[in-house]
Every structure is written in C-alpha cells, then in structure tokens.
Amino acid sequence: MKKIIMTGTLAALLTFGGLSVPALAGPVDAVVESAWSRASIGMNRPGAAYMTIRNTGDEPVTLIGLSTPLAMMPEIHETKTNAEGVSSMSAAGEIAIAPGESVALEPGGLHAMLMRLQQPMTEGETFPLTLLFVDGGEVTVEVPILGIAARGPED
Amino acid sequence: MRRRTIAGYGAAGAGAIALTLFVGWWRVDGPGAPEPIGQRPMALTEMDFRLTDHEGNEVGPETLIGRPTMAFFGFTYCPDVCPTTLSDISGWLDDLGDEAKQLNVVFITVDPERDTVEAMAEYVSYFHPAIRGWTGPEGQIARIADGFRAAYERVPTEGGDYTMNHTASVFLFGAAGRFVTMIDYHEPREFAVPKIRRALEEETEGAT
Ligand SMILES: [Cu+2]
Numbered sequence: 001m002k003k004i005i006m007t008g009t010l011a012a013l014l015t016f017g018g019l020s021v022p023a024l025a026g027p028v029d030a031v032v033e034s035a036w037s038r039a040s041i042g043m044n045r046p047g048a049a050y051m052t053i054r055n056t057g058d059e060p061v062t063l064i065g066l067s068t069p070l071a072m073m074p075e076i077h078e079t080k081t082n083a084e085g086v087s088s089m090s091a092a093g094e095i096a097i098a099p100g101e102s103v104a105l106e107p108g109g110l111h112a113m114l115m116r117l118q119q120p121m122t123e124g125e126t127f128p129l130t131l132l133f134v135d136g137g138e139v140t141v142e143v144p145i146l147g148i149a150a151r152g153p154e155d
Numbered sequence: 001m002r003r004r005t006i007a008g009y010g011a012a013g014a015g016a017i018a019l020t021l022f023v024g025w026w027r028v029d030g031p032g033a034p035e036p037i038g039q040r041p042m043a044l045t046e047m048d049f050r051l052t053d054h055e056g057n058e059v060g061p062e063t064l065i066g067r068p069t070m071a072f073f074g075f076t077y078c079p080d081v082c083p084t085t086l087s088d089i090s091g092w093l094d095d096l097g098d099e100a101k102q103l104n105v106v107f108i109t110v111d112p113e114r115d116t117v118e119a120m121a122e123y124v125s126y127f128h129p130a131i132r133g134w135t136g137p138e139g140q141i142a143r144i145a146d147g148f149r150a151a152y153e154r155v156p157t158e159g160g161d162y163t164m165n166h167t168a169s170v171f172l173f174g175a176a177g178r179f180v181t182m183i184d185y186h187e188p189r190e191f192a193v194p195k196i197r198r199a200l201e202e203e204t205e206g207a208t
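Protein sequence lines correspond, in order, to chains A and B. The opening position of the first sequence corresponds to residue 1 in our numbering, with each subsequent residue numbered one higher. The opening position of the second sequence corresponds to residue 1 in our numbering, with each subsequent residue numbered one higher.
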C-alpha cells in the first residue's frame, strides 16, 4: 500500500504541463493526449475531464479506474442518449484499448467524472489525474482546467 | 408423478412469464402506455406554466410569444451534457451575430431542488448573455416539460447524491409559438445554425 502511494507521488513529480510520463508501478504503454477539464462552481457539483488515451505498445491495455487528489470519487463515466433524445450517465466499467488504438473521452460520451471535489476547479490551474490499468500499471497526467464554457482542449 | 409436477410448474411458469410480458407490453408499448415521449411538442400558446427566471421575474408561455424561441432542459449539477450544450448554443448565437438578438434563449432546469434562482443566475452568467435560466416549483417544471414532450427522471447515485436523466434536444419555436424543429444532441454542428434560421424565418401568422 505504502509503495503504491509513493509511486503515485513520484509519478506526479515526473509529470509536466500536459505531458505524461508512465509511472513506475508497472510498465504501461499508454499515453494521454489533449487532456482538459472545465472549471467548477464551488465544490458541490461534480466535474468532468476529457482526453485521448492511446495504446503505444504491442499488447492490449485495459483502463480500470482513476485516482486524483482533486476528487474523492473519480470514475470513468459514459453519457448515452437514447432514441427519444434522453441523456443518461453511468459508470463505463473497464475500457480495453487494442495495440495502436486510442480511446477518446469527449463531451457527450466517455468522461472522467470527478465526484466529491476536495477543492474547487479553478480556471487556469491544473490537477494530476492518475489512470489505473489492469496489472497495476499507472499513467498520471496533469489536466489543465479551462473555463466553464470550454468546448475542447483548445478553448 | 414427479415429472408431471415439474411439467405443471413449468406450464404455470410459462403462463406467468407470458402474463408478465403482456403486462409489460401493455404498459410500455400497448394501450396502457403513458404518452409517448418524442412526440411533437405543443405550441407555446397551448402551454400553461408559471416559472421564475434567473433575475427573479415571473415568466410563462406568454413571455416567449412574439419572438422565436430556442429552449433546452438540463440542470446545473450536470457535468457533461449541459455545459456542452450551453457552450454549443453560445457558439451558435455567436455565429448568428445580430440575428441572435431576435431570439428568446431559455435553459430550463429539471432539478429545481438544487437549482434555485441564485444558482441559475450564477450558472448562466458563464455562457452567452442571451441565455435565460428558468426554475420554479416541481409541479410547474412538470407542466412545461409535458408541453415540450420532454422527459426527466431523478436517479440516485452512490453516497446519497442524485443525478438527472433528461431530454437533451434543443427545441425551436417560431415567433407565434408554433414548434418548428429540434436540434438533437450529437447532431452535426453545421445543421444547427440553419435550423435556428428556420425558426427565425417562421411566419408569425398561422400558429394554433
Ligand atoms: Cu458522469
């Protein structure tokens, strides 16, 4: 347990401005690109973060969860809109990414749902988000916080 | 003997399943179904509701008559669909430029318990200034949603919180209050602005 926490800290230290470095807990050939999130109003409302996760290795990788000091309950969610136009959100479960493939977390689909914020998400700041993979692998990325009305990583 | 008993249970079981399926059909698709959602919204002139806008003004269907209207249901605790739609709407309004000044643009909460007038005021302030936020008593929200044929549902989440499932389409009405069309979530962006123009050009006459 202690080892995992130390590794997380190390991973956070190794991470700079949107560029992610695979953590030392396990070799995961996955990179995170174009991560972004929206500022929150206070701490009561959940936040959401978006990114593209690319498998750069020769083996499939499976994303199983998230961890961040920003939120007590981070979870990969999926928004679905049914034939009647009604949108709903639920936990997405495990996400397998084939070698060379990528998965996009983007508005209206998959997203990193940040429930129970520990502090407000302030425009212009960043926060570390760790992606947890099967077999103990981790990738930590520093996620920029954009405005509430942001539409994408360039906004 | 024993075999027959099992067969008997089997038949009873099959009967029960058939009955369950029938009851399910009756309630979901059959004559006992609630009014299907996804049917055409009423004209604003036929609707009846009293709500409050984010500046504390009392509003109703008559507030919208006389100018074309773009309206959307959501809630401010919505982290994904609602801010995305509101920023899409803000983008469309920017694209329309001066034309957008003729439009009523309304964001109606389906979560009045948390979305007070003050919460709506703060939330809409982050988006295009034309967007108005409407809230009100749960019974009145139910009436406007019914008029729009919009659906919403409170869904409990872990830790005693809740989220709302809701219709995510953007509704467009002409100046006389007649429903024109809607912009579905995930519809290509290029389709949205021409649809809004259709609502802007809708004849003022001929509304029911
Ligand atoms: Cu979510």
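Accuracy of the hints is not assured; some may be wrong.
[Stated by the list, open to error] Only pairs whose alpha carbons sit at most 25 Å apart, straight line, appear in this in silico DMTMM-like list of lysine to aspartate or glutamate:
1) A:Lys80 to B:Asp161
2) A:Lys80 to B:Glu153
3) A:Lys80 to B:Asp184
4) A:Lys80 to A:Asp58
5) B:Lys101 to B:Asp53
6) A:Lys80 to B:Glu187
7) A:Lys80 to A:Asp135
8) A:Lys80 to B:Asp53
9) A:Lys80 to B:Asp98
10) B:Lys195 to A:Glu33
11) A:Lys80 to B:Glu190
The hints are simulated quantities; they were obtained by calculation from the structure and are not laboratory data. Keep in mind the model is a prediction, meaning the values are calculated, not measured.
To see whether the hints hold, each was checked on the structure:
With a C-alpha separation of about 20 Å, the suggested pair A:Lys80 and B:Asp161 falls inside the 25 Å cut-off, and the hint holds. For the hint linking A:Lys80 to B:Glu153, the alpha-carbon distance of about 14 Å falls within 25 Å, and the restraint holds. Between A:Lys80 and B:Asp184 the CA atoms are separated by roughly 13 Å; this keeps the pair inside 25 Å, and the hint holds. Between the alpha carbons of A:Lys80 and A:Asp58 the distance comes to roughly 31 Å, so the proposed pair goes past 25 Å and is violated.
For the suggested pair B:Lys101 and B:Asp53, the alpha carbons sit about 18 Å apart, so the restraint of at most 25 Å is met. As the CA atoms of A:Lys80 and B:Glu187 are separated by approximately 14 Å, the hinted pair is consistent with the 25 Å bound. For the given pair, A:Lys80 sits about 29 Å from A:Asp135 by alpha-carbon distance, which is inconsistent with the 25 Å threshold. Between A:Lys80 and B:Asp53 the alpha-carbon distance is near 29 Å, which puts this suggested pair outside the 25 Å criterion.
For the hint linking A:Lys80 to B:Asp98, the alpha-carbon distance of about 34 Å lies beyond 25 Å, and the restraint is violated. Taking the CA atoms of B:Lys195 and A:Glu33, the gap is about 34 Å. The hint is violated against a cut of 25 Å. For the suggested pair A:Lys80 and B:Glu190, the alpha carbons sit about 22 Å apart, so the restraint of at most 25 Å is met.
Hint compliance for this structure: hints 4, 7, 8, 9 and 10 are broken, all remaining hints hold.
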